[in-house]
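K.L.:
Here are the chains, one letter per residue:
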Amino acid sequence: MPAAASTDPGEVSDLDLVKRSQAGDTRAFDVLVTRYRGRIYAMTYHLIQNETEAWDLAQEAFIKAWRALPTFKHDAGFYTWLYRIAHNVSYDWLRKKKIQGDGEFDDERVEHRVAVGAEATPHGDLAPDTALRNAELGQRIQAAIATLSPEHRQVIVLREVEGLAYEEIAALIPCSLGTVMSRLFYARKKLQEQLHDVYETSL
Amino acid sequence: MKHPSEEQDIIRWIDGEMNESECATFEERLKLDPALATEAQKMRALSASLRSHLPAEIRVPHADYFNTQIEVRITQMALDEARSKHAATSWSAMFQWLTQPWFALVGAAALAVLGFFLLQPASPDDSESMILSSYTPNLRVQARTYHDHDADATVLMLDGLDAMPADKHISGVNIQRSEMEPELASTTMYDEKGAAVFMISHDSLGNPLISPEG
Chain A
-15 MPAAASTDPG EVSDLDLVKR SQAGDTRAFD VLVTRYRGRI YAMTYHLIQN ETEAWDLAQE
45 AFIKAWRALP TFKHDAGFYT WLYRIAHNVS YDWLRKKKIQ GDGEFDDERV EHRVAVGAEA
105 TPHGDLAPDT ALRNAELGQR IQAAIATLSP EHRQVIVLRE VEGLAYEEIA ALIPCSLGTV
165 MSRLFYARKK LQEQLHDVYE TSL
Chain B
11 MKHPSEEQDI IRWIDGEMNE SECATFEERL KLDPALATEA QKMRALSASL RSHLPAEIRV
71 PHADYFNTQI EVRITQMALD EARSKHAATS WSAMFQWLTQ PWFALVGAAA LAVLGFFLLQ
131 PASPDDSESM ILSSYTPNLR VQARTYHDHD ADATVLMLDG LDAMPADKHI SGVNIQRSEM
191 EPELASTTMY DEKGAAVFMI SHDSLGNPLI SPEG
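Residue numbers (the numbering used here), protein chains in the order written: chain A, -15 to 187; chain B, 11 to 224.
No wet-lab data here; the hints were simulated from the structure.
Misleading hints may appear alongside valid ones.
[As the list claims (entries may be wrong)] Coverage of chain A stretches by chain B, computed from C-beta distances (three or more under 8 Å per stretch; other residues unrestricted):
#	region
1	12 to 21
2	33 to 42
3	45 to 54
4	131 to 143
5	156 to 169
Cβ atoms here follow ideal geometry from the backbone N, Cα and C, with glycine treated the same way.
Based on the sequences and whatever the hints tell you, model everything.
P.N.:
So, in structure tokens, the structure goes:
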């Protein structure tokens, strides 16, 4: 499962913060929000592909976590637990959106929608032309992901962004290992079709 | 469409989920099947690109506001919870109070008051009311009336009521009648601050209705 953010030696541990939060200390919870908001927001953003909705859903995940804190048993890491909540919140939203049938998530449709304002954590200093090419490719990838169905988008984010093992993905969704692999295959295949110009020239 | 096992092999090879022996066998197959090899290589390149272009952490826009909003909502939830608990306690206490034996007597008295006014003959010119009859559902309660000339008011006396509980201070009673339909009336009992403690009315069949208010 996703690992918790590494903490500095002098930093208060998740365990202490969670215990204080469970006792009603909102300042301790605020520290946890600050610690994990970037990762939770990244996950909701990659799944939702809309900055405003992702922002709201990330908030919703933290609110749900606060309400569910009394039931948190410390048998899993706080981030793993929080991640599950955020994933469920986002995936429920995606499914509702799909049910409403507003034309999104059509795997057959190719649409290049540029994700605006999603400022990624810098990877380091790059030459301007390389940085520009990377930014353009990043936008192409985000646009391609936005056209995937919720099920395909979900496995791509869980595998490629969070690096979860197949068993972990199967437990989180939940579904069989075979389904995870099949979805991963077809999700990648669809992305490949949309980004064929990029990969045909690179090979 | 590929056979599921072939899909799984490609996926597992890309993700490094094969053991050494499985990996060696699959790579031998790739050497013999150029089409499969091209597909697997393309998919692997895509996967590597996805990993490098999809950051696991993104700066949250308006991060301070993000935290503040969460805190506001948590505080609001706590306040709502406290309010609903308080309301539940109040309603529970109110209904508990209504189940006390003495309440039946108070209810009977209120009905008597209601009946008393409803049975008055309409004689707007006469300052002195004439009480024809009175009725109390509870036989322990006796009603009698007289006209107080000094106050220029008709007084209703009810005997046989239990004492009011110490925590309920009913300092006033108001009886309201509909101007259009005089038979529609209600009795409201107030505390010393003018807040309604409860109201008694009746339905179309004449059955008493008790409405806690607070």
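K.L.:
Please go over all the hints and tell whether each is borne out by the structure.
P.N.:
The hints, checked one at a time:
no., hint, verdict
1, 12 to 21, "holds (count 5)"
2, 33 to 42, "holds (count 3)"
3, 45 to 54, "holds (count 4)"
4, 131 to 143, "holds (count 3)"
5, 156 to 169, "holds (count 5)"
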